[in-house]
Each structure stands twice: as C-alpha cells, then as structure tokens.
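Chemist: Chains as they are written, first to last, in the UniProt record's numbering: chain S, 1 to 191; chain Y, 1 to 790.
Check the hints yourself; a few may be wrong.
What the hints assert, rightly or not - Listed next, the in silico SDA-like pairs over lysine to any residue satisfying Cα-Cα at most 25 Å (straight line): (1) Y/189 to Y/203; (2) Y/332 to Y/317; (3) Y/615 to S/175; (4) Y/784 to S/67; (5) Y/517 to S/67; (6) Y/12 to Y/317; (7) S/124 to Y/448.
What the hints assert, rightly or not - Which residues of chain S face chain Y? A few of them, derived with a C-beta cut under 7 Å, are: (8) 29; (9) 31; (10) 43; (11) 89; (12) 93; (13) 94; (14) 106; (15) 108; (16) 123; (17) 142; (18) 144; (19) 146; (20) 170.
No lab work stands behind these hints: they were computed from the structure.
Glycine included, C-beta positions come from ideal geometry on N, C-alpha and C.
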Amino acid sequence: MVLVLALGDLHIPHRAPDLPAKFKSMLVPGKIQHVICTGNLCIKEVHEYLKTVCPDLHITRGEYDEDSRYPDTKTLTIGQFKLGVCHGHQVIPWGDLDSLAMLQRQLDVDILVTGHTHQFTAYKHEAGVVINPGSATGAFSSITYDVNPSFVLMDIDGLRVVVYVYELIDGEVKVDKIDFKKTTTPTNLPH
Amino acid sequence: MISDGVVEDEEKWLSAGIAGLQQNAFHMHRALDSNNLKDALKYSAQMLSELRTSRLSPHKYYELYMRAFDELRKLEIFFKEETSRGCSIVELYELVQHAGNILPRLYLLCTVGSVYIKSKEAPAKDVLKDLVEMCRGIQHPLRGLFLRSYLSQVSRDKLPDIGSEYEGDADTVMDAVEFVLQNFTEMNKLWVRMQHQGPAREKDKRGKERGELRDLVGKNLHVLSQIEGVDLEMYKETVLPRVLEQVVNCKDELAQYYLMDCIIQVFPDEYHLQTLETLLSACPQLQSSVDVETVLSRLMERLSNYAASGSEVLPEFFQVEAFAKLNNSIGKVIEAQENMPIAGVVTLYASLLTFTLQVHPDRLDYIDQILGACVKKLSGREKLNDSKATKQIVALLSAPLEKYKDIDTALNLSNYPRIMECLNDGTHKEMANVIVQNILKNKTCISTAEKVDALFELIKGLIRDLDGDTHDELDADFIEEQNSVARLIQILHSDDPEEMLKVIETVRKHILTGGRKRLPYTVPPLIFSSLKLVRRLEKQEESVSGDEASTTPKKIFQLVTQTIEALTSIPVPELALGLYLQCAEAANDCDLEPVAYEFFTQAYILYEEEITDSKTQVTSIHLIIGTLQRMHVFGVENRDALTHKATGYSAKLLKKPDQCRAVYACSHLFWLDDHDSIRDEERVLLCLKRALRIANAVQQMANATRGSSGSALLFIEILNKYLYFYEKGVSQITVESIQDLIKLIRNEMQGDASPSDPAADAFLASTLRYIQFQKDKGGAVGDKYMLITD
Chain S
1 MVLVLALGDL HIPHRAPDLP AKFKSMLVPG KIQHVICTGN LCIKEVHEYL
51 KTVCPDLHIT RGEYDEDSRY PDTKTLTIGQ FKLGVCHGHQ VIPWGDLDSL
101 AMLQRQLDVD ILVTGHTHQF TAYKHEAGVV INPGSATGAF SSITYDVNPS
151 FVLMDIDGLR VVVYVYELID GEVKVDKIDF KKTTTPTNLP H
Chain Y
1 MISDGVVEDE EKWLSAGIAG LQQNAFHMHR ALDSNNLKDA LKYSAQMLSE
51 LRTSRLSPHK YYELYMRAFD ELRKLEIFFK EETSRGCSIV ELYELVQHAG
101 NILPRLYLLC TVGSVYIKSK EAPAKDVLKD LVEMCRGIQH PLRGLFLRSY
151 LSQVSRDKLP DIGSEYEGDA DTVMDAVEFV LQNFTEMNKL WVRMQHQGPA
201 REKDKRGKER GELRDLVGKN LHVLSQIEGV DLEMYKETVL PRVLEQVVNC
251 KDELAQYYLM DCIIQVFPDE YHLQTLETLL SACPQLQSSV DVETVLSRLM
301 ERLSNYAASG SEVLPEFFQV EAFAKLNNSI GKVIEAQENM PIAGVVTLYA
351 SLLTFTLQVH PDRLDYIDQI LGACVKKLSG REKLNDSKAT KQIVALLSAP
401 LEKYKDIDTA LNLSNYPRIM ECLNDGTHKE MANVIVQNIL KNKTCISTAE
451 KVDALFELIK GLIRDLDGDT HDELDADFIE EQNSVARLIQ ILHSDDPEEM
501 LKVIETVRKH ILTGGRKRLP YTVPPLIFSS LKLVRRLEKQ EESVSGDEAS
551 TTPKKIFQLV TQTIEALTSI PVPELALGLY LQCAEAANDC DLEPVAYEFF
601 TQAYILYEEE ITDSKTQVTS IHLIIGTLQR MHVFGVENRD ALTHKATGYS
651 AKLLKKPDQC RAVYACSHLF WLDDHDSIRD EERVLLCLKR ALRIANAVQQ
701 MANATRGSSG SALLFIEILN KYLYFYEKGV SQITVESIQD LIKLIRNEMQ
751 GDASPSDPAA DAFLASTLRY IQFQKDKGGA VGDKYMLITD
C-alpha cells in the first residue's frame with residue numbers, strides 16, 4: 001500500500017493566503033510516501049512546506065511559479081503504475097480530456113496528473129486515467145466558477161489504485177473515492 | 001576584610017579556625033559528659049572566640065558559624081538538662097555573662113535565653129527584649145549580622161504568636177512583632193554599614209560580599225510573614241510602615257532594591273492590594289540609582305497573576321482602584337528619576353499594560369491612556385535606537401494584539417499609531433510584521449475601507465520606503481515580508497460589493513506608493529481580488545436588474561487596467577501579460593467585447609515589445625492561445641485579427657519544434673465545440689498542414705547537421721491531432737491523409753539513418769493502441785475508425 005498525495009494550483013500568495021486549516025491538519029508528515037504537485041505553488045515557502053509532508057516531492061512548472069527550474073513534464077514509476085505529471089497550461093484546449101489523453105499517450109503512462117483548471121476530475125479511458133486534483137486552496141480560476149479547495153490521495157496496491165478526493169465544501173471536508181484496475185499491458189501491435 | 005591576592009591565606013585561616021573550634025568543642029563535650037558546668041562554659045567560650053575573627057570573607061565565615069551553631073545546639077540541650085536537675089535558669093543566665101569577650105558572651109546568652117523562654121519562668125517578651133538590646137554590643141557588621149541571625153533562629157519557635165504556648169496576658173503578638181522588627185532594623189543598619197568600610201577601590205568587592213549576606217536580613221521579613229497574628233490590620237498599621245521607614249531611611253541602593261523586592265515576594269497579594277498606596281508612596285523616595293522599574297514591574301506581575309487566579313478576586317482590584325494608584329505612582333517615579341533610561345520607562349508601562357489587560361480587559365480607555373503616557377515620553381526625542389528599549393516597546397505593542405486577537409481593537413486605540421511613529425525604521429518594520437502575522441494567524445476579517453486605510457497606514461513600513469531607507473537588494477527577508485502583505489490582501493473582504501470596491505481602491509492607493517521593488521508582489525493579489533469581485537457582481541446582475549449600482553464590472557476593469565499599467569515601468573512583462581489575459585477572460589464572461597479586446601491588445605503589445613526570451617515566449621504563447629481559444633465574446637472581425645496575430649507569433653518562435661507545436665495548437669482556435677459558428681475546417685487543416693511542413697523542415701535540418709534523421713515525435717503528435725479532428729468530423733481530414741501520415745512516420749522510424757528513439761516508439765505504440773480501442777468501441781466512432789487500416 002503506497003500513498004501518493006496529488007495537489008496543485010495553490011497560488012499562494014497571489015490568489016490565496018494559505019492552505020485551509022482542515023487540510024493542513026490532515027497532511028501529517030510521515031504518512032505519505034510520495035507527493036505529486038502539478039504546479040503554481042507559487043513561492044518557495046510552499047515548496048518547503050510540501051517537503052516536510054514528504055521528502056519525495058515531484059513538481060512540474062505552472063505559469064506563475066517563482067522557480068523556473070521545475071520541468072514541464074515528469075514521469076515516475078510507483079509500484080506497477082507509470083505516472084505522468086504536467087501542469088496543463090501547455091495542453092490546449094485547456095481541460096479538454098481528449099487532448100490530455102494525447103499527452104498521456106505521449107508520456108506513455110497509466111495515470112496522468114494534471115491541473116490548471118482548478119476543478120477536480122477523474123477521467124477513465126481504455127488506456128488509463130487522467131486525474132486533476134483541483135486547487136488545494138480553492139484559488140480563483142478564470143476557467144472554473146466556484147472553486148472548492150480539493151486534493152487527491154492515491155492508494156496504489158498492486159494493479160489497483162483507489163483515488164480518494166477530499167473536497168472542502170462549506171467548511172466541511174467531504175471524501176469521495178474511485179477505483180481503477182490496471183489491465184496488464186497488451187503486447188505491441190505488429191508494425 | 002581581606003585584601004586581594006590572599007585567598008589562599010583565607011583558606012588557611014578558615015582551617016585554623018575550624019581546627020581551633022573543633023578542639024575546644026571536644027573539650028566542651030568532655031565537660032558536658034561529666035556534668036562539669038564550669039568547664040563546659042569555659043571551653044564553649046573559647047570555642048566561640050574563633051568567631052571573633054576579622055579575617056574571613058562572609059562565605060567562609062558562614063562555614064565557621066555553621067559548625068559553631070551545631071555545637072551550640074548540643075550545649076542548649078545540656079542547659080535544659082541542667083535546669084531540670086535543679087540549676088536555676090536565672091543563675092545560668094547570670095553565669096554566662098562572665099565570659100571574657102563580648103561575642104562569645106552574647107552567643108551563650110542567646111542560647112540560655114532560648115531555654116529561659118522555654119521554661120516560662122519569665123515572660124517571653126522580656127527575655128527577647130533583653131537579648132535584642134544586648135546584641136547591640138556587637139557593632140562589627142559581619143559578626144553582628146551572624147549573631148543576630150543566630151538570635152533569630154533560636155527564637156523562631158518561641159515567639160508569642162496567637163495560639164502559641166508563649167502567648168499570655170503579658171505577651172502578645174505585638175511583642176513578637178516588635179522583637180522581629182527591632183532585630184531587622186539593627187541588622188539592616190549593620191548591613192548598610194558594610195558598604196562604607198574599607199578602601200574606595202574595593203567597593204565592588206564589598207557589594208558582592210554584601211549580596212551574599214542579604215538573605216540574613218531578608219529572613220526577618222519572612223519570619224514576620226509567618227507570624228499568624230500578623231493580619232492585614234497589623235500589617236497595614238505596624239509592620240509595613242516600620243519596614244518601609246527603615247528601607248527609605250537607610251538610603252542604601254542595594255538594601256532598598258533587595259528589601260522592596262523581598263516585601264513584594266514575601267507578603268500575600270491581598271495585603272499588597274490593600275496597602276498599595278503606602279507601598280507605592282515609598283518608591284519615589286528611594287535612591288535614584290535603585291532599579292525601581294524592576295521592583296514595580298515585579299509587583300505588577302504578581303498582581304497580574306493574582307488577578308488571573310480567579311475572577312473572585314477582581315472586585316478587590318476595582319475597590320482599591322489599583323489601576324489609578326499604579327498609574328499615578330509610575331508617573332511620579334518617572335518624574336522623580338529624570339535620568340531613567342528610556343528602556344526603564346517603557347518597561348514600567350509594559351508591565352502596567354500587562355496588568356491592565358489582565359484586570360481590566362474591557363477598559364480600552366485605560367490601555368489608550370498608558371499608550372498615551374508612553375507617547376508623551378517618547379515624542380520629542382530622536383527615534384529610538386536602544387535595543388533594550390525597542391524590545392520592550394515591541395512587547396508593549398504586541399500585548400494588546402495577543403490579548404484581543406483582533407486588530408480592530410488595536411486600530412481603535414488612538415495612541416497606537418502614535419507610538420509606531422516613534423519607532424526607528426527597523427523596529428517599525430518588525431512591529432508591522434508582528435501585526436500582519438497576527439492578522440494572518442487569527443484570520444481576522446477586516447471589512448471596511450476605513451479600517452483597511454488605518455491598517456495600511458499602521459504597517460506603512462512594509463508598504464513603502466520610509467525616510468532613510470536605503471535598502472535596495474531584494475533579500476529573502478524582504479521577499480517574505482512582501483509575500484505576507486500579499487497574503488494579507490487576500491484576507492480583506494466585505495460582503496457588500498460597494499464596500500469591497502472601496503477596500504480595493506484603498507489598498508491600491510497604498511501599494512502604488514511601494515515602488516518598483518514591491519509592485520510585482522502586491523499588484524497580482526489585488527488584481528485577483530478585483531476579478532473575484534467582478535465574478536460576484538456577474539452573479540448578482542442576473543438578480544438585480546435595472547438598479548443603477550455604482551459598482552459595475554466596467555468600473556472594476558478600469559481600475560484593474562490602471563493598476564496593471566503600473567507594472568510596465570519595472571518591467572515584469574510575463575507577469576503583466578498573464579494578468580491581462582486573466583482580465584480578458586473575466587471580461588469575456590461579462591460579455592464586454594471592447595474591454596476584452598483591449599486587454600488582448602495590451603497583452604499582444606507586451607509580447608511583441610517586451611518578451612524576448614524564447615522560453616518565456618513559449619509559455620506566453622500557450623497562455624495566449626489557450627485564452628483566445630475560450631473567448632466567445634468576439635465578433636468575426638475582432639476574432640480574426642487576434643487569431644491571425646496568434647498564429648503569426650506561433651510560426652515565428654525561435655526553435656522549430658516549438659513552432660510546430662504552437663502552430664498545431666492554433667488549430668483549436670478555429671474549432672470550438674460549443675459554438676457552431678466557429679467551425680472553420682479549412683483553417684484547422686491549414687494549421688495542421690503548416691505544422692507538418694515545419695516538422696519536415698526539422699527532419700531535414702537534422703539530416704543536414706547531424707547526418708541522421710531526428711525524432712519522429714512531432715509527426716506522431718500531429719497524427720494524434722489528425723485523429724482528434726477526424727473524430728470531431730472535420731471532413732477535410734480524410735482516412736487517406738491519416739494512413740499516409742502513419743506510413744510516413746513508419747518510414748522515418750525504420751530508416752537506416754534513424755537512431756532508435758524509445759519515446760517515439762512508445763508514443764506510436766500507444767497511438768496505435770488508441771486506434772484499436774476506438775475500433776473496438778463500435779457504434780459511430782467504431783465505424784469511423786474501422787476505415788483506418790494500417
């Protein structure tokens with residue numbers, strides 16, 4: 001059982017002062033094995049805070065990030081799954097699931113984690129899953145109205161991943177979960 | 001006393017003294033064992049003679065004294081047994097006075113006196129009085145102090161206290177008190193006299209030695225506090241006035257400081273409250289060198305803790321008008337001690353403030369009064385640079401924030417900003433930071449423009465350069481500061497849109513004074529605050545129709561434009577471009593076509609004129625295309641103008657792969673799913689074909705420069721885009737064109753000259769898998785895809 005935290009688009013301090021207190025109290029150091037961040041933190045302090053939650057931190061660059069050295073995309077393998085991360089402002093149209101699926105094919109990953117729209121989505125298709133953890137602070141977005149703070153926790157166990165989404169609605173944390181099972185990789189089609 | 005450099009000698013003398021003492025004690029014990037009173041007295045007197053030495057420092061003398069003390073205990077037991085054997089205590093009392101030297105004589109007398117009182121043959125008070133007077137015979141400070149200390153120790157349990165066995169018609173508590181007071185007074189006089197003995201250059205050493213002896217004097221006050229019969233009445237009428245009299249009259253700095261503190265610590269808080277005026281009236285009378293600030297601070301601290309112990313005690317405070325008395329006293333002390341350092345003044349007021357916050361938390365007028373007194377003292381001087389004082393002032397100003405957890409209260413104190421004015425720039429910034437952190441921590445809601453104005457004025461050290469601020473580098477502290485201000489801006493909120501706009505305007509007014517260093521940090525949060533307000537109005541407008549609201553999105557957009565303009569001089573074009581595009585989207589949502597167009601124009605101008613770095617260009621292009629793709633407010637002409645420019649920029653990016661990707665991204669500009677009017681098949685295909693040409697050019701360049709073909713990655717990306725639009729129903733994308741493209745890709749990848757490229761292989765494989773998935777879906781999609789054969 002491997003726990004992976006996925007979050008992003010915090011936009012501290014341009015659009016939000018801080019993570020919601022209820023989220024902060026849930027993100028206890030030592031419980032999570034990996035952190036994936038889609039980008040737009042935007043400042044060093046947020047990077048350092050995330051590092052205290054878990055030192056294995058993977059970040060991709062959002063258009064407002066202070067640190068320009070974050071990569072545009074990143075891939076990593078956790079257990080049986082290949083994960084890809086990208087902020088998403090590079091994929092046009094923004095939030096278009098077919099275009100995101102294209103990126104997923106390009107990175108050749110089972111799970112693509114992406115952001116930018118500040119809206120939680122989990123889109124399953126034959127080749128895998130596209131997950132958007134939304135904005136962890138509920139920051140303003142020109143794309144989405146009424147953004148609720150949200151983040152995602154993935155529990156990877158063998159060929160199965162359970163995606164828990166935590167959303168702060170009217171001051172209460174609500175949890176939902178989605179199951180995905182990976183089929184074994186089919187052999188390559190003949191050329 | 002001993003002079004320096006003879007410390008080893010002191011050890012020698014002490015050893016000699018102890019040896020002498022022990023030898024005589026040995027003989028004394030022998031005499032005691034054989035009931036030989038005469039010899040016992042002789043040897044005990046000799047033993048006690050060792051205490052006549054002038055050669056020891058207080059520390060060493062104490063060692064000698066303790067041994068003598070132990071021996072005298074045994075002697076006392078012997079005396080008691082003697083009296084039960086028939087020896088008259090009165091006679092014994094006479095007998096011991098035959099000792100040759102006065103010091104041993106008096107020690108023996110006190111020892112017998114102890115037995116005398118126990119025997120009750122005479123009233124305790126008579127014996128005690130006799131002893132305390134006799135001790136006057138020793139005027140040498142060190143020896144006298146220890147002798148009287150001995151007297152105090154042996155008499156401790158024999159005082160005629162209420163309920164004690166020694167109380168009688170003749171003996172009362174008053175007598176006990178009288179005895180202790182007298183002993184105390186004499187001890188203090190001796191103690192003070194020590195200061196003036198010896199050469200002037202040894203003054204410090206004497207001070208240190210006196211410090212070692214202070215508890216001997218203070219013990220008397222302890223004893224007084226333990227006497228049951230000393231109730232409030234007696235304390236008020238007798239004990240305190242007498243003690244204070246001695247304290248004031250001795251005119252000795254060391255004694256005064258120690259004894260005042262002792263009084264405060266030893267007697268109960270209720271007593272202090274009830275005698276507050278008397279106690280405080282002594283303070284201005286003390287020597288000017290006494291640290292009366294600390295004395296008063298500790299008093300106020302004790303009273304604060306007493307108040308905190310429970311709400312039942314609070315009425316007492318009100319009844320004695322504690323605040324008024326303390327306030328007055330502090331004023332008098334400050335007046336009396338003209339040379340008091342400013343740190344001392346602030347310490348006093350800080351302690352009074354803590355006290356007031358504890359006892360009268362609702363009396364903001366008191367708090368303001370205290371701050372006002374501080375202002376009076378601080379103004380007219382130069383700005384504070386004393387680090388001790390500034391620390392105290394920060395503590396002073398932080399206390400109300402901590403207590404009330406609400407910046408509102410601090411803003412209501414008229415003197416609060418005035419004190420901030422008196423601080424030097426560094427401290428001002430420090431304090432401003434404290435305020436901001438307090439607000440962020442408590443998430444206080446600041447909801448009117450007026451309060452925001454007051455607040456930003458209060459923290460102006462963070463908002464703009466104060467005079468004399470030559471700080472030019474952007475160090476980490478500065479950045480952290482500005483980020484805190486940015487977070488602060490996010491917290492400001494009013495439910496009333498009109499008020500919110502006023503808040504935004506107020507913030508804008510302040511941050512524009514910040515200069516180019518600060519604007520990149522403070523402008524973005526303000527812009528987003530404004531866009532949030534626009535969205536609120538958007539929703540409202542649907543319900544509030546026909547109302548001539550003065551707060552309209554248009555007005556806000558005007559404000560926003562002017563604010564982003566302030567960034568141009570810095571310059572931070574990438575940031576400004578991003579902000580313009582955000583505003584364009586907001587205008588789009590409000591159906592304000594000209595406003596949106598204007599924002600795009602500004603963004604484009606920035607791109608053309610200011611954004612020259614190729615990596616930045618790529619990001620900016622993505623933002624432009626992405627935003628433009630979502631616009632639905634533009635009419636045909638405006639839209640054409642903007643898309644034409646966007647595709648032009650895409651084709652002119654420096655690196656060809658970037659060009660290729662940007663150009664195929666532009667294809668989406670001509671196909672919007674939710675708008676039937678924007679489905680321009682030709683333009684879509686044009687973009688894709690252009691992208692193909694660029695991809696070809698990339699391959700040729702690779703062949704020419706490296707002798708091998710480059711990656712087929714770009715082709716595969718374009719293939720995916722073909723599939724995307726094929727699925728959407730762009731008729732000009734034919735099955736043939738797709739199959740041709742697949743063939744082309746395979747050729748590129750299989751050629752001898754091509755190096756293996758795992759990324760391209762994987763991408764192609766997943767793309768082909770995708771085609772298979774779509775075929776397997778069946779239905780309309782499946783049919784379409786079935787046509788593709790590879």
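Chemist: Against chain Y, with CB atoms and a cut of 7 Å, does the hint on residue 43 of chain S hold up?
Modeler: 6 Å, holds
Chemist: Let me know if the C-beta of residue 94 of chain S comes in closer than 7 Å to any C-beta of chain Y, holds or violated.
Modeler: 5 Å, holds
Chemist: Holds or violated: is there a CB of chain Y closer than 7 Å to the CB of residue 146 of chain S?
Modeler: 9 Å, violated
Chemist: So if I understand the rule, the pair passes when the alpha-carbon distance is 25 Å or less; does residue 784 of chain Y with residue 67 of chain S pass?
Modeler: Violated. Residue 784 of chain Y to residue 67 of chain S sits at ~45 Å, over the 25 Å cutoff.
Chemist: Check whether the Cα positions of residue 12 of chain Y and residue 317 of chain Y lie no farther apart than 25 Å.
Modeler: Answer violated: residue 12 of chain Y to residue 317 of chain Y is near 58 Å, above 25 Å.
Chemist: Report holds or violated for the interface hint on residue 144 of chain S, using the least CB-CB distance to chain Y and a cut-off of 7 Å.
Modeler: 11 Å, violated
Chemist: Given the hint that residue 189 of chain Y pairs with residue 203 of chain Y, test it: the Cα-Cα distance must not exceed 25 Å.
Modeler: Given pair residue 189 of chain Y, residue 203 of chain Y holds - Cα atoms ~18 Å apart, limit 25 Å.
Chemist: Starting from residue 332 of chain Y, check that the Cα of residue 317 of chain Y is at most 25 Å away, please.
Modeler: 21 Å, holds
Chemist: When the nearest CB of chain Y is found for residue 108 of chain S, is that gap smaller than 7 Å?
Modeler: 4 Å, holds
Chemist: Take the shortest C-beta to C-beta distance between residue 93 of chain S and chain Y; is it under 7 Å?
Modeler: 5 Å, holds
Chemist: Are residue 123 of chain S and chain Y close enough, Cβ to Cβ, to be under 7 Å, as the hint says?
Modeler: 14 Å, violated
Chemist: Is the interface hint for residue 29 of chain S satisfied, with its Cβ closer than 7 Å to some Cβ of chain Y?
Modeler: 21 Å, violated
The structure shown violates the earlier hints numbered 3, 4, 6, 7, 8, 9, 16, 18, 19, 20.
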